[in-house]
Amino acid sequence: NAGVTQTPKFRILKIGQSMTLQCTQDMNHNYMYWYRQDPGMGLKLIYYSVGAGITDKGEVPNGYNVSRSTTEDFPLRLELAAPSQTSVYFCAIKGGQGETQYFGPGTRLLVL
Amino acid sequence: AQSVTQLDSQVPVFEEAPVELRCNYSSSVSVYLFWYVQYPNQGLQLLLKYLSGSTLVKGINGFEAEFNKSQTSFHLRKPSVHISDTAEYFCAVSEQYTGNQFYFGTGTSLTVIP
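For the record, the sequence lines run as chains A and B. Residues are numbered in the numbering used here as their position in the first sequence, beginning at 1, plus a constant of 1255. Residues are numbered in the numbering used here as their position in the second sequence, beginning at 1, plus a constant of 2.
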């Protein structure tokens, strides 16, 4: 997980609360990704970015927002938390085409 | 969009026995293929990847995978498993020329029995 930092590691939210999941990289990679992992469902792409100032939706973007003002940071925002957003969230980075994705350690979110 | 199918959700195997974890994908274009491993409460780590060239790819921890274009498969193998191989394994695919996104399978849970 070297090079990709995620904070917080754990968080419990009440329904309707908001929060930002932080992702920071020190590898100067252009591509950054946010996934959620639910049991038995694999990883689903929420949003991704191919460079500072550029973001795009993935497979499951509803209920989330992102921004990419710098190469290093790619925060994920939950505006109105819902129980369906209980999941483990992973940030990943990639250098270029055909290159490996490197994953952060994850943030475990529980919405009650 | 691509899709990735991992045919076995759970695979129990005895220590020192061989194992094969199956992965099939659907795509009309050329792809890159990856296998990742996830240990409990950790992120995903790359095991191996196929970009081009030899269809037999060797990775870390004694794992290897074979790309079969005609069968659109990328099965993962290890000739002799160890207790420490117990983990979740994910197959992933991205398109070669427009590969901004990765598509993951639902994972195979490998349990090595002493």
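Hints listed in this document are in silico derivations from the structure and should not be mistaken for laboratory results. C-beta: ideal position from N, C-alpha, C; glycine also. One or more of the hints may lead you astray.
As the list claims (entries may be wrong) - Pairwise CB distance ranges, derived in the manner of DEER restraints: (1) A:1293 with B:115: 34 to 40 Å; (2) B:14 with A:1282: 15 to 21 Å; (3) A:1334 with B:60: 41 to 47 Å; (4) B:115 with A:1328: 42 to 48 Å; (5) B:14 with A:1293: 18 to 24 Å; (6) B:18 with A:1335: 37 to 43 Å; (7) B:48 with A:1299: 45 to 51 Å; (8) A:1314 with B:56: 28 to 34 Å.
Unchecked claim - Residues of chain B clear of chain A, computed beta-carbon distances all greater than 12 Å: (9) 86; (10) 90; (11) 94.
Here is how each hint holds up against the structure:
Distance hint check for residue 1293 (chain A) and residue 115 (chain B): the Cβ-Cβ separation is about 27 Å, which falls outside the suggested range of 34 to 40 Å. Between residue 14 (chain B) and residue 1282 (chain A) the Cβ separation comes to about 37 Å, which falls outside the hinted range of 15 to 21 Å. Remark: the range hint 41 to 47 Å for residue 1334 (chain A) to residue 60 (chain B) is upheld by a beta-carbon distance near 46 Å. The supplied range of 42 to 48 Å is met by residue 115 (chain B) and residue 1328 (chain A), whose beta-carbon atoms lie about 44 Å from each other.
Checked against the hint of 18 to 24 Å, the C-beta distance between residue 14 (chain B) and residue 1293 (chain A) comes to roughly 23 Å, which is consistent with it. Against the hinted window of 37 to 43 Å, the Cβ-Cβ separation of residue 18 (chain B) and residue 1335 (chain A) comes to about 52 Å, which falls outside the hint. Between residue 48 (chain B) and residue 1299 (chain A) the CB atoms are about 19 Å apart, so this pair departs from the stated range of 45 to 51 Å. Here the CB-CB span from residue 1314 (chain A) to residue 56 (chain B) is close to 32 Å, well matched to the stated 28 to 34 Å.
No beta-carbon of chain A is positioned within 12 Å of the beta-carbon of residue 86 (chain B); the least distance is around 18 Å. For residue 90 (chain B), the non-interface assignment is contradicted: its Cβ lies about 9 Å from the closest Cβ of chain A, within the 12 Å cut-off. Non-interface call for residue 94 (chain B) relative to chain A: violated, since the shortest CB-CB distance, roughly 8 Å, does not exceed 12 Å.
Hint violations for this structure: numbers 1, 2, 6, 7, 10 and 11, all remaining hints satisfied.
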